[in-house]
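Colleague: Chain A is fixed; fit chains B and C onto it per the hints.
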Amino acid sequence: MIAELLFATFFGLLLLGIHRKVIARIQRRPGPPVWQEILHMLKFSFKTTWVPNTASAALFVGVVLVAIGIWTAALFVVTSGGSLLVIFAIYMLHKIVEHGFGLSSGSPYGKFGGVRSVISAASEIPLIVSVAAIAIFTKSLLISDIVAYQTLHGPLLLTIPPAAVAMYVVLISKMPFGPFSIVESKELVSGYKTEHFGVWRAGLEICNGLKTYVLLLTFILVFAGGLPFWLILLAMLLITLSLSFVCALSPMLSPYDSVTIQTIIAGLMVAYVAILGVVS
Amino acid sequence: MNEIGGAPLFFLEFGDIVIYFSPFTITLFLLALVFSVFVLVSRPERQIDIAFGADAFYAKVISLSELKFRRFMSIACGLACMGAMVTGDLFDFTLFVSLVGICNVGIVAAVKSRHVQNAAYQYGLVALAGTVPMFAAAAMVAATTGTLSMLELAEGTIQVPLAARALLVLGVMGEGMAPFYAAKAEMFRAPGAPYVIMCSLSSLLIFLRVAEVILVL
Amino acid sequence: MKKQHTLALTLIAAGSGIAASALNMMHILPDWACAGVLVTAFPLFVLGLGLYWMAREGEADIPFLGY
Numbered sequence: 025m026i027a028e029l030l031f032a033t034f035f036g037l038l039l040l041g042i043h044r045k046v047i048a049r050i051q052r053r054p055g056p057p058v059w060q061e062i063l064h065m066l067k068f069s070f071k072t073t074w075v076p077n078t079a080s081a082a083l084f085v086g087v088v089l090v091a092i093g094i095w096t097a098a099l100f101v102v103t104s105g106g107s108l109l110v111i112f113a114i115y116m117l118h119k120i121v122e123h124g125f126g127l128s129s130g131s132p133y134g135k136f137g138g139v140r141s142v143i144s145a146a147s148e149i150p151l152i153v154s155v156a157a158i159a160i161f162t163k164s165l166l167i168s169d170i171v172a173y174q175t176l177h178g179p180l181l182l183t184i185p186p187a188a189v190a191m192y193v194v195l196i197s198k199m200p201f202g203p204f205s206i207v208e209s210k211e212l213v214s215g216y217k218t219e220h221f222g223v224w225r226a227g228l229e230i231c232n233g234l235k236t237y238v239l240l241l242t243f244i245l246v247f248a249g250g251l252p253f254w255l256i257l258l259a260m261l262l263i264t265l266s267l268s269f270v271c272a273l274s275p276m277l278s279p280y281d282s283v284t285i286q287t288i289i290a291g292l293m294v295a296y297v298a299i300l301g302v303v304s
Numbered sequence: 148m149n150e151i152g153g154a155p156l157f158f159l160e161f162g163d164i165v166i167y168f169s170p171f172t173i174t175l176f177l178l179a180l181v182f183s184v185f186v187l188v189s190r191p192e193r194q195i196d197i198a199f200g201a202d203a204f205y206a207k208v209i210s211l212s213e214l215k216f217r218r219f220m221s222i223a224c225g226l227a228c229m230g231a232m233v234t235g236d237l238f239d240f241t242l243f244v245s246l247v248g249i250c251n252v253g254i255v256a257a258v259k260s261r262h263v264q265n266a267a268y269q270y271g272l273v274a275l276a277g278t279v280p281m282f283a284a285a286a287m288v289a290a291t292t293g294t295l296s297m298l299e300l301a302e303g304t305i306q307v308p309l310a311a312r313a314l315l316v317l318g319v320m321g322e323g324m325a326p327f328y329a330a331k332a333e334m335f336r337a338p339g340a341p342y343v344i345m346c347s348l349s350s351l352l353i354f355l356r357v358a359e360v361i362l363v364l
Numbered sequence: 003m004k005k006q007h008t009l010a011l012t013l014i015a016a017g018s019g020i021a022a023s024a025l026n027m028m029h030i031l032p033d034w035a036c037a038g039v040l041v042t043a044f045p046l047f048v049l050g051l052g053l054y055w056m057a058r059e060g061e062a063d064i065p066f067l068g069y
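Residue numbers (our numbering), protein chains in the order written: chain A, 25 to 304; chain B, 148 to 364; chain C, 3 to 69.
Pulled out of the complex, with its shape left as it was, chain A reads as follows:
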């Protein structure tokens, strides 16, 4: 289990590094090396660390622990074939973590990052919609059951492509440098993570690595079924590359445009599942 955890952290960070490299190459910059995010994590853990004078100390430190803890739990839920609903819950609670990061320091930049995170709550609705669409077909939300269903009936990607698109949008909204990354936009310095420097930031990097790995793994298990391990890693890489293209070629939206577009996508998905529910 420890090996799994460490592998997930480092592979997730490597994927984020590849993401940065590909974006840079598309924009005709040399870009950082692909292992940059791993170096970043190590670098931050060697930096001088304290809790800002104005911060709510327990919350300031506590959210970092919660951030790593929830995604560690998410990893174990996915690998043990647990309920998709738990993954959905953890994904939504990541919003609380972002809000906590932003508000706990007392910094104005962090505060606006946290507030933006809360107002973009519409980004979660496509996920519950894809969960509902899956439940209509598989009659269960346990990931192990969903994988078993797909070995019998073929990948869900072909059965319910709009649900896969919905979850892909969810992946885009959690990738850095994407059109919906308003929580860490540069006019807010680093958004919600502005004041979490040093070791706190290293913890956040670990959380990001785990989060990327878990979300991509869930996407593959739920929509492509149980593949051999090397093929899963390859699929993760390919999905990351496609996400990098989306992120590199689309500008970051303004906060209200981002919320509007996410709400429209959510509305379309709700309509789709309502039709699916009536038809089946």
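No lab work stands behind these hints, which were simulated from the structure alone.
There could be a bad hint or two in this list.
Among the chain C residues that face chain A by a calculated CB cut under 10 Å, a handful are [said to hold, decoys possible]:
| id | residue |
| --- | --- |
| 1 | HIS7 |
| 2 | ALA10 |
| 3 | ILE20 |
| 4 | ALA22 |
| 5 | VAL41 |
| 6 | PHE44 |
| 7 | LEU46 |
| 8 | LEU53 |
Glycine included, each C-beta is placed from N, C-alpha and C at the ideal position.
Modeller: Frame of chain A; chains B and C shown alone:
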């Protein structure tokens, strides 16, 4: 029992009211517990703001009386939330959710700022209105099926009317602040991070639980 | 925070995580319990190790307000 949130780990029976822990409800319960502990042990942050037109900044400090009231409300909110996460009774669930709504209004209404109080007043009206469809949903379920126990309803022998489910979701949408009342940024940027976090956490948690309840019924 | 405290935190977290995994491999500890221990121990280990390396005991500063 429909194992939508994973196989139930154990049941705690109080007469015909059953509290049950599945991997899903226990995750939510533990998070509510962890954040309630944060509320207990942390002091609020001092928000720094830039004074426009000058090379200066000021910090917003929360007074002790305001701190005590908001901390009390936040802990009450945390307890209500924990109750709503694990209860296996539909009426208890609606009661806990309405308590969460009341506590949320208390947490934000104690802030001494006109903008925050305006937002809190409007949210309070929505939360009050939200209780009507929610209790109506519980009443409809009791009237049509003769039981309020989620475990009995989950067996699928009795059909719960679609209108009851829709009203339940509508009620929770009214009570919860974070997903559907989030555009009121005044409330989420009010000083007092641990307490404000409790508002948004409780609303997300009740929203997540109602998703499970709807899928189980 | 004192260096010794953070070192102790790191070692306790690492020790409990490794012990839980070892017991799990010997089929003494069930999977869910091992996962529970790791979920608590991993974040504490990460922060403890980082703080052991670089935590300062000096005065705190106010947040960044702009250039």
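Colleague: Decide, hint by hint, whether the structure agrees.
Modeller: Here's how the hints hold up against the structure:
1. HIS7: Violated: closest Cβ of chain A sits about 13 Å from HIS7/C, beyond 10 Å.
2. ALA10: Not OK, violated: ALA10/C not within 10 Å of chain A, min 16 Å.
3. ILE20: 7 Å, holds
4. ALA22: Hint holds; ALA22/C Cβ to chain A Cβ min 8 Å, cut 10 Å.
5. VAL41: Holds: closest Cβ of chain A sits about 5 Å from VAL41/C, inside 10 Å.
6. PHE44: With a minimum Cβ separation of about 5 Å from chain A (threshold 10 Å), the hint on PHE44/C holds.
7. LEU46: 7 Å, holds
8. LEU53: 5 Å, holds
In summary, the numbered hints that this structure violates are 1, 2.
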